[in-house]
Every structure is written in structure tokens, then in C-alpha cells.
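Protein chains: 2
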Amino acid sequence: MASFSISKLAFFTVKCSINRDGHEANRLNIINGIKVNGTSSLSSAPQSDVLTHKEGGSTISVSKNVLINAQEIRQNIPTKKQLVDPFRQGQIVEEGVGYRQTVVIRSYEVGPDKTTTIESILNLLQETALNHVWMSGLLGDGFGATHGMMRNNLIWVVSRMQVQVDHYPIWGEVMEIDTWVGASGKNGMRRDWLLRSQATGLVFARATSTWVMMNQQTRRLSKMPDEVRAEIAPWFVEKQAIPDDCPEKIHKLDSNARYVKSGLKPKRSDLDMNQHVNNVKYVRWMLEGIPDEFLENHQLSDIILEYRRECGISDNVQSLCEPSQVGIITNGVQPSNMISLLNGFSLSSGIIEGKELLQSLNPEPFSYTHLLQAKGESKNEEIVRGKTYWRKKRAMG
Amino acid sequence: MASFSISKLAFFTVKCSINRDGHEANRLNIINGIKVNGTSSLSSAPQSDVLTHKEGGSTISVSKNVLINAQEIRQNIPTKKQLVDPFRQGQIVEEGVGYRQTVVIRSYEVGPDKTTTIESILNLLQETALNHVWMSGLLGDGFGATHGMMRNNLIWVVSRMQVQVDHYPIWGEVMEIDTWVGASGKNGMRRDWLLRSQATGLVFARATSTWVMMNQQTRRLSKMPDEVRAEIAPWFVEKQAIPDDCPEKIHKLDSNARYVKSGLKPKRSDLDMNQHVNNVKYVRWMLEGIPDEFLENHQLSDIILEYRRECGISDNVQSLCEPSQVGIITNGVQPSNMISLLNGFSLSSGIIEGKELLQSLNPEPFSYTHLLQAKGESKNEEIVRGKTYWRKKRAMG
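Keeping their order, the protein sequence lines are chains A and B.
This note's numbering numbers the first residue of the first sequence as 1 and each following residue consecutively.
This note's numbering numbers the first residue of the second sequence as 1 and each following residue consecutively.
No lab work stands behind these hints, which were simulated from the structure alone.
Keep in mind that the hints are not guaranteed to be accurate.
Since the list gives no way to pick out one identical chain from another, each pair is judged satisfied if it fits inside one copy or across any two copies.
With a straight-line Cα cutoff of 30 Å, these simulated DSS-like cross-link-like pairs (lysine-lysine) come out [stated by the list, open to error]:
no., residue 1, residue 2
1, Lys-223, Lys-239
2, Lys-186, Lys-81
3, Lys-379, Lys-249
4, Lys-267, Lys-114
5, Lys-261, Lys-375
6, Lys-392, Lys-252
7, Lys-81, Lys-114
8, Lys-375, Lys-265
9, Lys-249, Lys-265
10, Lys-267, Lys-392
11, Lys-375, Lys-267
12, Lys-114, Lys-265
Construct all of the structure, not just a fragment, from the sequences and the given hints.
Below, the structure written as C-alpha cells:
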């Protein structure tokens, strides 16, 4: 069980530090006003009551008091409950509990084939989850969770995440992302997402994640206290983006795995705000284990991540990877449907085993099992287990 | 002189390929409609005239004709001239020639210190430049430029880029980015940017870049043909984000450089839509040459990049880096101002050389010279020369 980039972020407040540090930054602005360089827009010294800001032909005058007030100089992240955020193009939906945000796919969020990378999709899931929590006004005051969680010294940690992608958005495409939370067993929380084309409403991707509570001191998992359930239960929605009727178990790979990539070292730029290696880097390390020729012709259709332990800057990471030779033309078909296709076929043909037929149609692997582990001196420690499903690349998205 | 990620993108159209490939993707949607899995939103078979899409309690009906029409299923990047783009929160300003976009800093665009990384700033510059070109309606029909450039078989390549950052936006901050183009000598074009706080109008960063034309076949630089000047000159604005009165020459490092990092290999995920290593990766490679202890306590205030040659997937890259022991507390002070400060001080004190005094105040380097080169069998080829200026890290941004 690992705390992961979304984990602590999910109910994370920055209000405190912004007020304090923003104020500091603001004071520095004034001090720096004197040392302003030739291209600066601050054209009057800070001693005056009004700082004049000249750009593009228009002049904006900012009173000194505004500069003194940190909230004004550094725009606040909204932490009070609000229904619409015009800058983030977000709104509260589903009778006040769900969140919807409009997002345009940017040039740097697509890969060489001009479609969004899986890493960018994971980033957008994280972003919308955080914006949902900000807009809900549920935030406590520290590094974790709600007020009730704070009183019980609890934080959220993510234990599982799954993303299914039917279509990869293209560069410039406008997407609508919905996210909401629900109960997961007695002590957990689910967070789900749906990515839709804004133009047609067609679902491009769906995702689900499971969260549990951990005592920040003991680092042990905790039951959900009644007072916390009372806080968050009103936000729970029953619907599921991906039904969890029988979640697949991911078996643990060992050193016999087909592909083993060692010596992966986190860099400073891989760390998120919690000083942990971010989720996107996990996925990149996993996919690096897969041969390039396969990646060039295939598209990820489903990824499942099971988090075991957090990964820090000092870890020496190994990525293990094992293909499954199931083989089928998997355009958008998920494993469960493939089994019914197989059954249907072998029954009607009555001659050959469906699996053999399909293998002969396309002998390439359609899924991989993954393991990221931290190499220790005495033993290795699991960071994430993963499973990926693939389909042949289509012309676009 | 190198073609670089922004370079070919700057006047790059995707209209053609989207229509064609989008149509293909659309046909696949219909085919895949049959093989839909349990969680799909397509609840009726594609044989029917109407596909019903059910999510979140609301039902959207999409006529089959819409699915047949590629422009409807994959939202088009706007290529016709328009004045406002509500999804990108962009608008044409400055009497119809400049572009302004509102951008919120996302959770994955900030580093461990919760402020925007220089990589994210470069990404946002690229994004706004592209959106400006889309909205201008100037696009030709191929991989390059305007219609006139197409007729002359010319593309844009970037030769120089400079970014100065006074304040790094924090997570969640709302920024306003302005970009515009201007003449650069007789045959070149400048593109400039200003990043402002949306709340206060204070300039956080400014950037400038220089572009020249290259013959796509001969790979040689070209004069700007009159018909191309006639096309683009109406968009030129005279103002400059960073005055170019005396641009600094960056000297070429050799193997005697203090820090040398070899064996840098581009990965598939480092490639942009043009199959070239993207600009952000260049900067990351450059900064990797600088010791971690320095990076932890310092903030980049100014970066200059001189592009020499494009970098592809097969290059074996070496990053060279040499500190300059100038030493000064450089909060927001640029080199030119530092010299006047120095002169001022040594004149008034009349005793010691200002430079020596300042070195004794802070003996740390405040600038680095960089070189990225491709290691060849017989000789090494320059990719980018760079210069970075640094200041002590502030409490925030």
C-alpha cells in the first residue's frame, strides 16, 4: 500500500502556505522593485503609493495596498465551496456532488502520433480530482483530508487505479471530464472519471481508483471513523465508471520475467509536490520494459495499477515485464468480452478451440504483467504491480 | 541552425490529416460498436439510425449521420480566422494581430516546490504560439507555413530563444499569456510572449524567439520572398518583450568544460509531433549538467538557447556545462543592471573593485554556459548552445 501523488493530494490544502509564503513573495516584490531591470514593467519606485504597469499600450495602476496583500498578488486557489470556476472551466454537477471540467488537449500533451499520451490522461485525471476537492470546500487545514481526518491524524492513500481508453483524444480536441466519489467497502472510497468528447458526448475513456485511510504517524491502514464518514458520505454517488464485479488479481513477477530493466533512478524533475515519484513516471517506467517495435504498432487500451509502497528520490528501481501470448485483434474489446466471443465461436464452429484460432489470427501478445520494485541490499520491495492490455494502432486516436 | 519543435509547428496545419484520419477513426467507431464491452456508453447497435449515449442520468442521442461525419466526431482544430476561442480561453487582441490566452497552472505543471517548472513555461509558450497561428487563419496546407511559403517550398526554423522569469506562477494561479510576431532583420521573424498574473497584471515572465526560413529540400536558409512578406507583414507588431539591443554571444564549450554528461539518449516519449526531440527535453538535458545542490537553492531567472541542428531519436547526446564565478545576490537583477550596480558601487566606495566585493558577498556561480552536442564517430555536432542565469530561491515563486 503506497501513498502516491494523487493520494495525499486528494484532500490536500495549500491555503495556509499560500497566505504565508505569498506574503513573503509579495514583500520581495517590493524590495525588488528598486533593482528592476530594463525590461521590467514596474516603472515607478515602490516608495510611491501607486505602481504603474505599462504593457501593450494599456496602463494598469495597482495601489501599493494591493501589493501588500498576498491574496491579491498571488491568485488564490479556491478553497471555499463554489459551483462554477470560469478559469478552470469547471462546474459542480450531479445535484451538487460531481465535478465536470472542459479541457482542451494541448500540443505538448500529445505524442509523435498526434494523439494524447496515457501519461497526459493520467495527469488530467489528477488535475480534475484536485479541482473537484477544491471546489467542494471539504478541505481540512493540513497535508491531509477533511477536518475529521485531521483530528484523527489520517491521510488518504491510493491502493488501486484502472484506466480504460477506447479513443485517444487528438491535438486540439475539446474534452469534458466528469469525476465523482463513492463508497468502497466499509472503510474505503472510490474516485471515478469519465472522459467524453465535448462535441458528441461519446465516451473516450473511463477510470476508477480506490482509496483507504492511513494513520500518518504509524503508517498503518485505519478504519474510517464515523465522524469522517459523516463528512464525506454526502458526496458519494453510486454509479461506477468501470464495474468492479470481479477485479482481476495481478500476479507478482520475479526475476524470471522476460524483460528486466534495472538501474532506474528518480530525478528531481520526477517528484511531485509531496516529494514522491509521480504516477506518470511509474507508468513510463513500466512501459519502458516493453519492446519498442510493439509500442510502435499498439495502443494501450486498459491499464491497472496496484500500489504497494511509495517511491522516493533515493530508490533504485527495477522494472519487470512479462507478455501474455493470448493474441487477438483487440480493437476496443476487453478481456471479458473476448471470452464470450471465444465461447461463441468455438460452440458454433464445433471443430477447433477458439483460443487456438485466435492465436493463429494474430500471434502478438495483447497484455503485459508489470512489476516495479525497489532494489534493496537484503531484499527487494514492491512499489507497483501493473497489468496493461493493448490493441493494434488505429489510424487516429 | 536547427528545426525545433516550435519551428515547424509555427505555421503547421493539421486540417488535412484530421479530415482524412478522423474519418477513418469514425468508421472504426462504428465497426467497434458491435464489440462494445460492458461499460461502454454505446447502448444500441450501429445498425440503428440513432446511437443513444447514457451517462450521469442524462441521455444524449447522436444521429448516425453525425458519426459518419468525421468533423463532428473528432472536434476540429479551428483553422479559420476567429476572434475568440471560448474553449482555449483565447482571443485576438492588439487591433487584430496579437493573441491572448488565459491559462490556469495545473497540478502536474509544478515541481516539488509547488511553483511552475521552466519546462512547463516553455510548453505554455509553444501552446499559445500555435493557438495564435490557428486563430489567425494564416495556415497553409502542408507541413510548413503560409500559402506563399508553401509555393516556395519554405519552412520556419527557430534560431534563438530567450525566456526571463521574474516570478514563477504557483499551483492554481491564473495567468494571462500574450504573444505576437514582428520583423527580425530583413529575412527573419520574431515571436514574443508576456506572461502576466491575471489578478494583478504584474509581468511574471517575458520571452522572445527568432525564426528564419529554410528550403525544405536543400535544407539551406533562404531569403524571405516578397509574396511571403506581403502575407505575414500585416501581423507584425513593433514592440519587444525583451529588447535585443546587444544580444550576448554564447561561446562554444569544449571537452574541458567543468561538467560533462554523456550517453543521453532520446526516448520515444521525448519526441514531438515532428519526430524531433522536443525543446523541453533540451532544457532538461542542459540543467542535468548542473549539480543538484545548486539546483535546490537556486531559481532560473534567464535562459538563452541558440539552435544549431535538429536532434532525432538516433542521436547520442552529450551535455556540457561550465559555471561562471560572478557571484551576487541576483534577485531579479539582470547582467546589464548588475554592471551598473557594480560601477555605481565602486565609484562611490572608491576603495575596492565592485566585482571583488560582490564575490565576497556570495561566491556561488550565477550563470552557466551550456552545450548539447551529438557525438559522432568522426566529429561532434552542435545541437544547442545555452546560457542560464540564476538567483537564490525565494520563499515562493
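Structure-based check of each hint:
no.	hint	verdict
1	Lys-223 to Lys-239	within (23 Å within a copy, 62 Å between copies)
2	Lys-186 to Lys-81	within (27 Å within a copy, 55 Å between copies)
3	Lys-379 to Lys-249	within (23 Å within a copy, 53 Å between copies)
4	Lys-267 to Lys-114	both (27 Å within a copy, 16 Å between copies)
5	Lys-261 to Lys-375	both (12 Å within a copy, 25 Å between copies)
6	Lys-392 to Lys-252	within (26 Å within a copy, 46 Å between copies)
7	Lys-81 to Lys-114	between (37 Å within a copy, 23 Å between copies)
8	Lys-375 to Lys-265	both (11 Å within a copy, 24 Å between copies)
9	Lys-249 to Lys-265	within (28 Å within a copy, 36 Å between copies)
10	Lys-267 to Lys-392	between (33 Å within a copy, 21 Å between copies)
11	Lys-375 to Lys-267	both (17 Å within a copy, 24 Å between copies)
12	Lys-114 to Lys-265	both (29 Å within a copy, 22 Å between copies)
Violated hints for the displayed structure: none, as all numbered hints are satisfied.
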